[in-house]
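All chains should be built: construct the whole structure from the sequences, respecting the hints.
With the numbering used here applied, the sequence shown corresponds to residues 998 to 1240, in that order.
Calculated directly from the structure, the hints in this document are not laboratory data. Bear in mind the structure is a predicted one, so any value in this text is a computation, not a measurement. Possibly wrong hints are sitting among the right ones.
Derived pair list, reagent style DSSO-like, types lysine-lysine, alpha-carbon separation capped at 30 Å [stated by the list, open to error]:
hint	residue 1	residue 2
1	Lys-1184	Lys-1106
2	Lys-1058	Lys-1123
3	Lys-1122	Lys-1058
4	Lys-1056	Lys-1046
5	Lys-1106	Lys-1085
6	Lys-1122	Lys-1046
7	Lys-1123	Lys-1184
8	Lys-1203	Lys-1037
9	Lys-1056	Lys-1085
10	Lys-1184	Lys-1056
11	Lys-1085	Lys-1046
12	Lys-1069	Lys-1057
13	Lys-1085	Lys-1122
14	Lys-1046	Lys-1123
15	Lys-1106	Lys-1203
16	Lys-1069	Lys-1085
17	Lys-1056	Lys-1069
Simulated DEER-style distance windows between Cβ atoms [stated by the list, open to error]:
hint	residue 1	residue 2	range
18	Trp-1097	Lys-1069	31 to 39 Å
19	Val-1199	Val-1226	38 to 46 Å
20	Gln-1161	Leu-1088	31 to 39 Å
21	Glu-1041	Gln-1137	21 to 29 Å
22	Gly-1167	Lys-1069	20 to 28 Å
Heads up, the beta-carbon is just placed ideally off N, CA and C, and yes, glycines get one too.
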Amino acid sequence: MLFFSERTLAREDQTAACLPYNHQEAVEEPSQAAELAITKGEIEAAGRKAYVYTMDVSKKKDIEATAQALLKAAGSIDVLVNNAGILKPSLLQDLDEADWDAHFDVNAKGVMMMCQAVLPHMRAKKSGRVVNIASIAGRQGVPTQGHYAATKAVVITLTRVLAQEVGMDGVTVNAICPGIILTEMGKNNLGSEAAIRHWEDVAALKRLGAPEDVVGPVLFFASDLSAFVTGQALNVDGGIYYH
998 MLFFSERTLA REDQTAACLP YNHQEAVEEP SQAAELAITK GEIEAAGRKA
1048 YVYTMDVSKK KDIEATAQAL LKAAGSIDVL VNNAGILKPS LLQDLDEADW
1098 DAHFDVNAKG VMMMCQAVLP HMRAKKSGRV VNIASIAGRQ GVPTQGHYAA
1148 TKAVVITLTR VLAQEVGMDG VTVNAICPGI ILTEMGKNNL GSEAAIRHWE
1198 DVAALKRLGA PEDVVGPVLF FASDLSAFVT GQALNVDGGI YYH
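The structure is reproduced here in structure tokens:
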């Protein structure tokens, strides 16, 4: 599912599906709906097809219905980008059960169920690319983000296992582990300009990421350039984490 930087991603292919998600506090806002409408219009103006669906990635019925609708409309699903995610910072000792469950429902279970909905089609046609957006937090836990880090560690493990389970059918499964990306969620989680400056100093490139910095790696894993790469988790963090 294309959930960020849809314009750039979509320009690289003939058909794009943008799938915003609704989940409790992560409800689609009017501004997001307007942005998607603009994106759809730009893709179509370039002579390509675009489809927009709204669903809850924590609900299996939503996912299955959306996948079937897209298959009926487009005829094929060649690339799946799992990028829906939520983060509500909290110390683990203060984290309530509902927030724990919500993070796992969207960030981990959502990835698994999206793959379950799409992989049978990819395996049947003997080709496909799955790109899961994890996080460097999934490699090393971050204070106040332990629950988020746990979900992203699950995504990395799912990526490695799925790659072994579907590789014989020509399907690759890889993950990207972004560092600090200055989306609205990223800025809110940092909390202050001082925190931004600190992490800019830590990063080898002396800056933090923009959503566009993640697009290139996504396109690589989605293309035939990565045909012999599977089960990998690539850090895209400007030089913050080296393992």
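(message) Could you work out which of the previously given hints the structure breaks and list their numbers from low to high?
(response) Per hint list: 7, 8, 11, 13, 15, 16, 19 and 21 violated.
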